[in-house]
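Below, each chain spelled out in residue letters.
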Amino acid sequence: MLQTGLAAAGAASAPGVLRAQSRPPASRTVRAVMHGDIPTYDPIWTTANMSAYHGAMVYDQLFGVDDKLEPKPQMVSKYGVSDDQLTWTFELRDGLKFSDGTAVTAHDAAASIRRWAVRSGTGQLMLQRTKDISAKDDKTFVVSLKERFPLLLDGFSSPSTPVLFVMRKKEAETDPMQKIDTIIGSGPFVMNQSETRAGSQYIYDKSPTYNPRAEPASASAGGKIVKVDRVIFQNMPDSQTAVAALQAGEIDFYEIPPIDLLDQIQTDPAISLINLADLGTVGYIGINWLHAPFNNQKLRQSLLYIVNQEEMMKPTFVDRKWYNACGGWMTCGSPMENDANTGWFKGGQNLAKARELMKEGGYDGRPVVVLQATNIPYMMNAATVFAQQLRAAGYNVSLQPMDWANVVQRRANKGAPDQGGWNIFFTSSGGLSNANPYMIGGMATTGDKGWFGWPTDDKNEALRAKWINAGTLAERQAVGREIQENAWDIVPHMYYGQWRQPAAHRKNVTGWLKVPEAVPFWNVAKA
Amino acid sequence: MLPVMAVVAVCVFLLLHLAPGDPASIIAGENVSPENIARIRTQLGLDLPVWKQFLVWVGALLTGDLGHSMFWGDPVASLIAQRAEPTISLAITTLLVAVFLAISLGVLAAARAGSLVDRLVMGFAVLGFSVPVFVVGYVLIFVFAINLKWLPVQGYVPIADGVGLWLRNLVLPSVALGMAYVALIARITRTTMLDVLAEDYMRTAKAKGVANRRMLFRHALKNAAVPIATVVGNGVALLIGGVVITETVFNIPGIGRLVVDAIARRDYPIIQGVIMVFSGVYVLVNLLVDLSYTLFDPRVRG
Numbered sequence: 002m003l004q005t006g007l008a009a010a011g012a013a014s015a016p017g018v019l020r021a022q023s024r025p026p027a028s029r030t031v032r033a034v035m036h037g038d039i040p041t042y043d044p045i046w047t048t049a050n051m052s053a054y055h056g057a058m059v060y061d062q063l064f065g066v067d068d069k070l071e072p073k074p075q076m077v078s079k080y081g082v083s084d085d086q087l088t089w090t091f092e093l094r095d096g097l098k099f100s101d102g103t104a105v106t107a108h109d110a111a112a113s114i115r116r117w118a119v120r121s122g123t124g125q126l127m128l129q130r131t132k133d134i135s136a137k138d139d140k141t142f143v144v145s146l147k148e149r150f151p152l153l154l155d156g157f158s159s160p161s162t163p164v165l166f167v168m169r170k171k172e173a174e175t176d177p178m179q180k181i182d183t184i185i186g187s188g189p190f191v192m193n194q195s196e197t198r199a200g201s202q203y204i205y206d207k208s209p210t211y212n213p214r215a216e217p218a219s220a221s222a223g224g225k226i227v228k229v230d231r232v233i234f235q236n237m238p239d240s241q242t243a244v245a246a247l248q249a250g251e252i253d254f255y256e257i258p259p260i261d262l263l264d265q266i267q268t269d270p271a272i273s274l275i276n277l278a279d280l281g282t283v284g285y286i287g288i289n290w291l292h293a294p295f296n297n298q299k300l301r302q303s304l305l306y307i308v309n310q311e312e313m314m315k316p317t318f319v320d321r322k323w324y325n326a327c328g329g330w331m332t333c334g335s336p337m338e339n340d341a342n343t344g345w346f347k348g349g350q351n352l353a354k355a356r357e358l359m360k361e362g363g364y365d366g367r368p369v370v371v372l373q374a375t376n377i378p379y380m381m382n383a384a385t386v387f388a389q390q391l392r393a394a395g396y397n398v399s400l401q402p403m404d405w406a407n408v409v410q411r412r413a414n415k416g417a418p419d420q421g422g423w424n425i426f427f428t429s430s431g432g433l434s435n436a437n438p439y440m441i442g443g444m445a446t447t448g449d450k451g452w453f454g455w456p457t458d459d460k461n462e463a464l465r466a467k468w469i470n471a472g473t474l475a476e477r478q479a480v481g482r483e484i485q486e487n488a489w490d491i492v493p494h495m496y497y498g499q500w501r502q503p504a505a506h507r508k509n510v511t512g513w514l515k516v517p518e519a520v521p522f523w524n525v526a527k528a
Numbered sequence: 156m157l158p159v160m161a162v163v164a165v166c167v168f169l170l171l172h173l174a175p176g177d178p179a180s181i182i183a184g185e186n187v188s189p190e191n192i193a194r195i196r197t198q199l200g201l202d203l204p205v206w207k208q209f210l211v212w213v214g215a216l217l218t219g220d221l222g223h224s225m226f227w228g229d230p231v232a233s234l235i236a237q238r239a240e241p242t243i244s245l246a247i248t249t250l251l252v253a254v255f256l257a258i259s260l261g262v263l264a265a266a267r268a269g270s271l272v273d274r275l276v277m278g279f280a281v282l283g284f285s286v287p288v289f290v291v292g293y294v295l296i297f298v299f300a301i302n303l304k305w306l307p308v309q310g311y312v313p314i315a316d317g318v319g320l321w322l323r324n325l326v327l328p329s330v331a332l333g334m335a336y337v338a339l340i341a342r343i344t345r346t347t348m349l350d351v352l353a354e355d356y357m358r359t360a361k362a363k364g365v366a367n368r369r370m371l372f373r374h375a376l377k378n379a380a381v382p383i384a385t386v387v388g389n390g391v392a393l394l395i396g397g398v399v400i401t402e403t404v405f406n407i408p409g410i411g412r413l414v415v416d417a418i419a420r421r422d423y424p425i426i427q428g429v430i431m432v433f434s435g436v437y438v439l440v441n442l443l444v445d446l447s448y449t450l451f452d453p454r455v456r457g
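Sequence order for the protein chains is A and B. Throughout the first sequence, residue numbering follows this note's numbering, covering 2 to 528 in sequence. Throughout the second sequence, residue numbering follows this note's numbering, covering 156 to 457 in sequence.
Chain B on its own, in the form it takes in the complex:
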């Protein structure tokens, strides 16, 4: 985990600092002299050589300090903490909806392989993967928020203000974000299930008269679980990318919005901090996925 994070840290820092853009000019505003902009650059430490800036940042990072926003001066850690709840909420609801829906659809498509149901599910999967998140988002807003007025257009309500309100605000963003994820998991579930269903032991089970539902969910799905779990884990990167767009479209004050706004302003400490946190989450999720193999496949434990 640590080597991966170290590589991420170097890459993120270099990419940001070698890319054009000047936070000092943006902070200063439009009608200022070049001298004032230069003063701000000095105050922010942007006049130091890149290698010195890197050492300062890494030194602080090693003590758990993600730095301070160049704009508001707030600690990056507390900015991320303020934005964590909406993002975690969106990610969890999306994951739950997507995994439940995708596995159900994938199993259904595999059980009815070649039928109209199979084709419909796979058609939906192609559509889900092809249509950008923001298009799905705008369509959902137009239909369910503007026309039907069932759900709010935008915003986030903390869970502490009521679970009902919290969920109400998360329905549209979770569906929009979950579309691509459903498509990905449903396709892999179908493929893996078809492979498992063709195994000899499944034919034996069928010959012994095991009920269809029990055969699909108890025997086939469990044996198909390892590749599905792998895709769910790999899909976290897709989810993180989608969160950034979804939070912008639905105006959710999460970490994704934080980083998008920071990129536009070149607020380096926030961008670096968020990417470090996201990469840490990604590595951690994949570690958990690897560990989950032991639950699905006893051979891995040995």
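Chain A with its partners taken away, still in its complex shape:
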């Protein structure tokens, strides 16, 4: 209480006039309501997207991706690989500085790669093949491999969390399992920590030390030129209020306006809708392999003939221009999309076939426990509809409503469904992450060491390893077909659709760049 009182007194005595004087004008400030709150400022320690959004503001990347999702140098000026593809050498651009004024060196880059690699799926694969990551001098660092790793630049440039952001060596040498609270990066913005109010608003000012590339901006590649003085992430949990604030001009950008309010937004001549992520988001249905009934392959296969993605998407996303059904194991629209073993999808829902498989699998009428996150509308609606589809096929469904915090705890329970466990849960994944058999944990089939659902399949693991070593896109696509062929036989998990959530912005705020799973604020201008 005493501490609270003293802190309150301190806050109350802050010089308000001074604060007002240092505040940039509204015409140079972009106010944005993002999809959620920033849970922690360390974008390596967590895979939470909002922490990566924060990271993209204050840190820079060695490589970015252009609008074709191809890796392009960002902090790196030039790079090369030895003929045997085992030694990668990188040189940093001139003039790179952290926000504390110190120069970015190769030592910072090497330490940042090492910390990131421990937490990233691609990074872990790289580490398994790595002999050494070290700086040769202040500008040059080298990654020495034991065996070739064609995905190295894809990993360095990926916008999927955790993103390889470069931190000072001092912070980057922190145990990857420990959180970093110091926020000093070399990115296009600097976090204004004195005016930031955690949980309420996060303030980012244009960095005076940032040195952008000369090329035009393209996704997370090219020149990250900041065209406003300040960006404010406002945490606004009520969507109705956020839409009203956008219409009133109190905010400039709303990342996830509810689809059912889009008609209201579209009638406002001052507001535009924009699709910032072509690959969108993929709805993921987790299936528990450890317990009956879905420890049985026939019964998992029956689910493929029951799921009707169209019906599961429509209640939330209403118009087909915002969603689509997808029969691919990897994201539709990505280079890995293919139609191998998708007869179940092309034929549409087939309850007769599902019942046949249920009979072959010996379904005994035991309840199927479905976890339903009621505070996330698309998951809630998908679970409601899927429960009904399962019932129509003859499954006995126990739909268990709870909030997301409860789902994430419950899904970790490996116990039997009637003893606190589960059979089915719903989540979602970025379209880019899902376009890669290694980016998300759900693609693995490593049993109880793996992700929630704990599927086991050696063939899938062998194919994933083959995919990594594929040297060209065509080779990866061919292995991708094999992975999918196998996946739809064993059914480690399923999908309930794919959607592209449009963002809404005031028309006087322009220059939005498309980066999968991120929203950049460089290049954004306000008239």
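I should point out that these hints are in silico values taken from the structure, not numbers from a laboratory. Each hint should be verified, as a subset may be incorrect.
Stated by the list, open to error - Covered stretches of chain B, as calculated for chain A (at least 3 residues, CB under 8 Å):
| # | region |
| --- | --- |
| 1 | 176 to 188 |
| 2 | 230 to 238 |
| 3 | 287 to 300 |
| 4 | 395 to 407 |
Stated by the list, open to error - Some chain A residues well away from chain B (every beta-carbon gap over 12 Å; in silico):
| # | residue |
| --- | --- |
| 5 | K69 |
| 6 | P163 |
| 7 | K180 |
| 8 | D230 |
| 9 | G250 |
| 10 | E311 |
| 11 | G395 |
| 12 | K460 |
| 13 | A479 |
| 14 | A528 |
Said to hold, decoys possible - Derived EDC-like pairs: lysine to aspartate or glutamate, alpha-carbon spacing no greater than 16 Å straight-line:
| # | chain 1 | residue 1 | chain 2 | residue 2 |
| --- | --- | --- | --- | --- |
| 15 | A | K73 | A | E216 |
| 16 | A | K467 | A | D449 |
| 17 | B | K377 | B | D350 |
| 18 | A | K73 | A | E92 |
| 19 | A | K415 | B | E190 |
| 20 | A | K322 | A | D269 |
| 21 | A | K450 | B | E190 |
| 22 | B | K304 | A | D269 |
| 23 | A | K180 | B | D229 |
| 24 | A | K147 | A | D85 |
| 25 | A | K171 | A | D182 |
| 26 | A | K207 | A | D230 |
Just so you know, even glycine gets a beta-carbon here, dropped at the ideal spot from N, CA and C.
Chain A is fixed; fit chain B onto it per the hints.
The following block gives chain B in isolation, referenced to the frame of chain A:
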């Protein structure tokens, strides 16, 4: 006061820790291994037995330390302090508007008991108590912010940035939050005033020719004040509950929003800290209400 706070501390801690939900899984993000989630649980001390976690928390609490947010790592005390001004502002403006309006309406209804005015006031009271705060909030936003553009949709401006701007942002939330409070106080004011007005000494005053306004406000209202003050004090709980919703609807970065967001994430130290502060305020307000009886009723002083 201390026994009440102790009971609150035990109840809050047990309710939170026995309820399902895992902050470590939320902090970790979606695409992480169960091992990493387990590491975060260990770092946060969530792997300790509940009784040990309770002792750690209470030990710190006794030294005035409310702990640190599991998410941002900031001290809970400073998070509450950052959010205190908007909440205190909203509570005070709501209280002032509500008490002034409610007592005026209650006295008016009592003075005109049985008339159309009385029925209108009581109808308004029923409506105010029945319509949820968020519905009132959305209607006010639609009419006064979107259509008429008189007032802002959302947000809070610190009083240091100008009293006018500060008040402008508080008008809609205060009215929305005050509706239920006005209804509650107006009803009790009317009832109590009717009881007092039926007393012999009021008839005597009337017979002696005391002016109506003087009789109502000088004699009747003062004697009706004790139950009204009690309801105002008890209503603080209603106000606190309403603050949580109002701050969400109007995007006011106050303590209510802080706790709502913390509940969704299971940020235990923030939830526990805020509830301890709210319960302390509630106990303190009721203590002040008890003391105020001495002002209204000299018999209590004896």
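Verification of the hints:
1. 176 to 188: The restraint on the region 176 to 188 of chain B holds, since 12 of its residues have a Cβ under 8 Å from chain A and three suffice.
2. 230 to 238: Result for this restraint: holds, n = 8.
3. 287 to 300: holds (count 4)
4. 395 to 407: Result for this restraint: holds, n = 4.
5. K69: holds (24 Å)
6. P163: violated (8 Å)
7. K180: For K180 (chain A), whose nearest Cβ neighbour in chain B is about 7 Å away, the distance does not exceed 12 Å, so it is violated.
8. D230: The claim holds: D230 (chain A) sits with its nearest Cβ about 18 Å from chain B, beyond 12 Å.
9. G250: violated (9 Å)
10. E311: Label holds. Min Cβ-Cβ 25 Å, cutoff 12 Å.
11. G395: Consistent with the label, G395 (chain A) stays out of reach of chain B, its closest Cβ about 30 Å off (over 12 Å).
12. K460: Consistent with the label, K460 (chain A) stays out of reach of chain B, its closest Cβ about 22 Å off (over 12 Å).
13. A479: Given that every Cβ of chain B is farther than 12 Å from that of A479 (chain A), nearest at about 26 Å, it holds.
14. A528: Non-interface label on A528 (chain A) holds, nearest chain B Cβ at 21 Å vs cutoff 12 Å.
15. A:K73 x A:E216: holds (11 Å)
16. A:K467 x A:D449: Roughly 22 Å between the alpha carbons, so the hint for K467 (chain A) and D449 (chain A) is violated.
17. B:K377 x B:D350: Measuring from Cα to Cα gives roughly 13 Å; hence the hint holds.
18. A:K73 x A:E92: Holds - the C-alpha atoms of E92 (chain A) and K73 (chain A) are around 14 Å apart, at most 16 Å.
19. A:K415 x B:E190: holds (14 Å)
20. A:K322 x A:D269: Cα-Cα ~20 Å, so violated.
21. A:K450 x B:E190: Judged against 16 Å, a Cα distance of about 9 Å means the pair holds.
22. B:K304 x A:D269: It holds: about 15 Å lies between the C-alpha atoms, which stays within 16 Å.
23. A:K180 x B:D229: Distance of about 13 Å is within 16 Å: holds.
24. A:K147 x A:D85: holds (11 Å)
25. A:K171 x A:D182: With a Cα-Cα distance of about 12 Å, the restraint between K171 (chain A) and D182 (chain A) holds, given a limit of 16 Å.
26. A:K207 x A:D230: It holds: about 5 Å lies between the C-alpha atoms, which stays within 16 Å.
Hint check: violations occur at hints 6, 7, 9, 16 and 20; the rest are consistent with the structure.
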